[in-house]
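Undergrad: Top to bottom, those sequences are chains R and X. Taking my numbering, the leading residue of the first sequence gets 15, the next gets one more, and so forth. Taking my numbering, the leading residue of the second sequence gets 245, the next gets one more, and so forth.
One thing to keep in mind: the hints can contain errors.
[Stated by the list, open to error] In silico lysine to aspartate or glutamate, EDC-like type, Cα no more than 16 angstroms apart, as pairs:
1. R:LYS163 - R:GLU63
2. R:LYS163 - X:GLU332
3. R:LYS161 - X:ASP328
4. R:LYS160 - R:GLU19
5. R:LYS160 - R:ASP17
6. R:LYS143 - R:GLU44
7. X:LYS369 - R:ASP95
8. X:LYS342 - X:GLU332
9. R:LYS153 - R:GLU44
10. R:LYS113 - R:GLU19
11. R:LYS161 - X:GLU332
12. R:LYS153 - R:ASP43
13. X:LYS369 - R:ASP99
14. R:LYS143 - R:ASP17
15. R:LYS78 - R:GLU103
[To be verified] Some but not every residue of chain X turned toward chain R, in silico, with C-beta under 7 angstroms:
16. GLY291
17. LEU355
18. LEU358
Think of the hints as simulated: they come from the structure by calculation, not from any bench. Yeah, the Cβ is synthetic: ideal placement off N, Cα and C, and Gly gets one too.
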Amino acid sequence: MGDFETEICQYTESIWKSILDLDVHKTVDEYCPIGGENILAGCVHISGEWEGAVSIDCPMDLAKKVASIMFNMTDEEVTPDLIQDALGELTNMTGGNIKSLLPEPCFLSLPAVTMTQHGLRIPGSELVKSVTFQCWGYKFKVSVLKKLKN
Amino acid sequence: MQFLEKEIQKYTHLVCSILLDFEISPLPDSYEMPSAKMFLGSVQITGEWNGAIMLSLPSTLVNTLTEKMFSLESGKASIEEKKDAIGEMVNMIGGNIKALLPQPCALSAPLMALEGDSLHFPSTKMVTHCKFECAGKPFALSLYEQDPS
Numbered sequence: 015m016g017d018f019e020t021e022i023c024q025y026t027e028s029i030w031k032s033i034l035d036l037d038v039h040k041t042v043d044e045y046c047p048i049g050g051e052n053i054l055a056g057c058v059h060i061s062g063e064w065e066g067a068v069s070i071d072c073p074m075d076l077a078k079k080v081a082s083i084m085f086n087m088t089d090e091e092v093t094p095d096l097i098q099d100a101l102g103e104l105t106n107m108t109g110g111n112i113k114s115l116l117p118e119p120c121f122l123s124l125p126a127v128t129m130t131q132h133g134l135r136i137p138g139s140e141l142v143k144s145v146t147f148q149c150w151g152y153k154f155k156v157s158v159l160k161k162l163k164n
Numbered sequence: 245m246q247f248l249e250k251e252i253q254k255y256t257h258l259v260c261s262i263l264l265d266f267e268i269s270p271l272p273d274s275y276e277m278p279s280a281k282m283f284l285g286s287v288q289i290t291g292e293w294n295g296a297i298m299l300s301l302p303s304t305l306v307n308t309l310t311e312k313m314f315s316l317e318s319g320k321a322s323i324e325e326k327k328d329a330i331g332e333m334v335n336m337i338g339g340n341i342k343a344l345l346p347q348p349c350a351l352s353a354p355l356m357a358l359e360g361d362s363l364h365f366p367s368t369k370m371v372t373h374c375k376f377e378c379a380g381k382p383f384a385l386s387l388y389e390q391d392p393s
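The following block holds chain R by itself, in its conformation from the complex (with noise of 0.2 angstroms):
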């Protein structure tokens, strides 16, 4: 098992071009949120034989984007809820087919969105590997994160 890049890289073009309809590449300037900016950011826990989780981090204004593709609605109709609906689906997706990767048995949790100007936050785990996308002139982030062993 490897620092899944190759795999984060194909599994969320893909994801989002099946999805989506959008082509979304892997760029090396990393997504560091200003401050300020609201962040969306989805995360599914993995438990079992690995444990960790697998969670998305973008700018709300493409988090709205893709949920008014998702819902084949305006910018203007999406709620909310969709909106995160939208994103705990990519990332659902995203960490079922990182959970493929890992030894078995292992289970995958229901997603979580969290609304967050400061990211993320799963004490008790560390980055595996993060790979930052461009789509549109949006940036976004897929990261693979494991737990601490006590």
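On the provided structure of chain R, position chain X as indicated by the hints.
TA: Just chain X now, with coordinates in the frame of chain R:
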């Protein structure tokens, strides 16, 4: 009576009294939680039963609990220590609640949201919401279950 309400009250009381030596008391359903921004900590349960447990605490109570847990002077708790303290608290309560649910179930690592942040669990519904008072301050514990619809 809400789902596992008595058990949630019992285990929240146990964790607070044993871990932190704080007495807590349940608040009535009619109690209106303050609109102040809350510090949120959650763990998710996955397996035969799927859902999440979320603890909502005001910042002042987070400070008090963290200072007690790590024996710190007043006002000295760092953000990392606050995350660790609330993470440990929700993890212990979640572990006890998990034991009451259909097995096998696994408990996730804690997920935290700071004051001003929000935390949502798409595709779930809140099945239990218990309110408590600790050191004169209110806090709440909510249980979310996967919504089959």
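Undergrad: So, for every hint listed, does it hold in this structure?
TA: Okay, the hints, checked on the actual structure:
Restraint check: the Cα-Cα separation between LYS163 of chain R and GLU63 of chain R comes to about 13 angstroms, which is no more than 16 angstroms; the hinted pair holds. Restraint check for LYS163 of chain R and GLU332 of chain X: the C-alpha separation of about 15 angstroms stays at or below 16 angstroms, so the hint holds. Note on LYS161 of chain R and ASP328 of chain X: the hinted pairing holds, with a Cα-Cα distance of about 14 angstroms set against a maximum of 16 angstroms. Between LYS160 of chain R and GLU19 of chain R, the direct Cα distance comes to roughly 14 angstroms. Compliance with the 16 angstroms bound is thereby established for this hinted pair.
Between the alpha carbons of LYS160 of chain R and ASP17 of chain R the distance comes to roughly 11 angstroms, so the proposed pair stays at or under 16 angstroms and holds. This hinted pair checks out: LYS143 of chain R and GLU44 of chain R have alpha carbons roughly 12 angstroms apart, not beyond 16 angstroms. Between LYS369 of chain X and ASP95 of chain R the CA atoms are separated by roughly 13 angstroms; this keeps the pair inside 16 angstroms, and the hint holds. A threshold of 16 angstroms between alpha carbons decides the hint, and for LYS342 of chain X with GLU332 of chain X the separation of about 15 angstroms falls inside it, so the pair holds.
For the given pair, LYS153 of chain R sits about 8 angstroms from GLU44 of chain R by alpha-carbon distance, which is consistent with the 16 angstroms threshold. With a C-alpha separation of about 14 angstroms, the suggested pairing of LYS113 of chain R with GLU19 of chain R holds against the 16 angstroms cut-off. A C-alpha spacing of about 14 angstroms is found between LYS161 of chain R and GLU332 of chain X, which places the hinted pair at or below 16 angstroms, so the restraint holds. Of the supplied pair hints, the one linking LYS153 of chain R and ASP43 of chain R holds, its CA atoms being roughly 9 angstroms apart against a limit of 16 angstroms.
As the CA atoms of LYS369 of chain X and ASP99 of chain R are separated by approximately 13 angstroms, the hinted pair is consistent with the 16 angstroms bound. In summary, the hint linking LYS143 of chain R to ASP17 of chain R is supported, as the alpha carbons are separated by about 6 angstroms, within the 16 angstroms threshold. For the suggested pair LYS78 of chain R and GLU103 of chain R, the alpha carbons sit about 13 angstroms apart, so the restraint of at most 16 angstroms is met. Taking 7 angstroms as the C-beta contact cut-off toward chain R, the hint placing GLY291 of chain X at the interface holds, the least distance being around 6 angstroms.
Given the 7 angstroms rule on beta carbons, the hint for LEU355 of chain X holds: about 6 angstroms separates it from the nearest Cβ of chain R. Nearest Cβ of chain R to the Cβ of LEU358 of chain X: about 5 angstroms, under the 7 angstroms cut. The hint holds.
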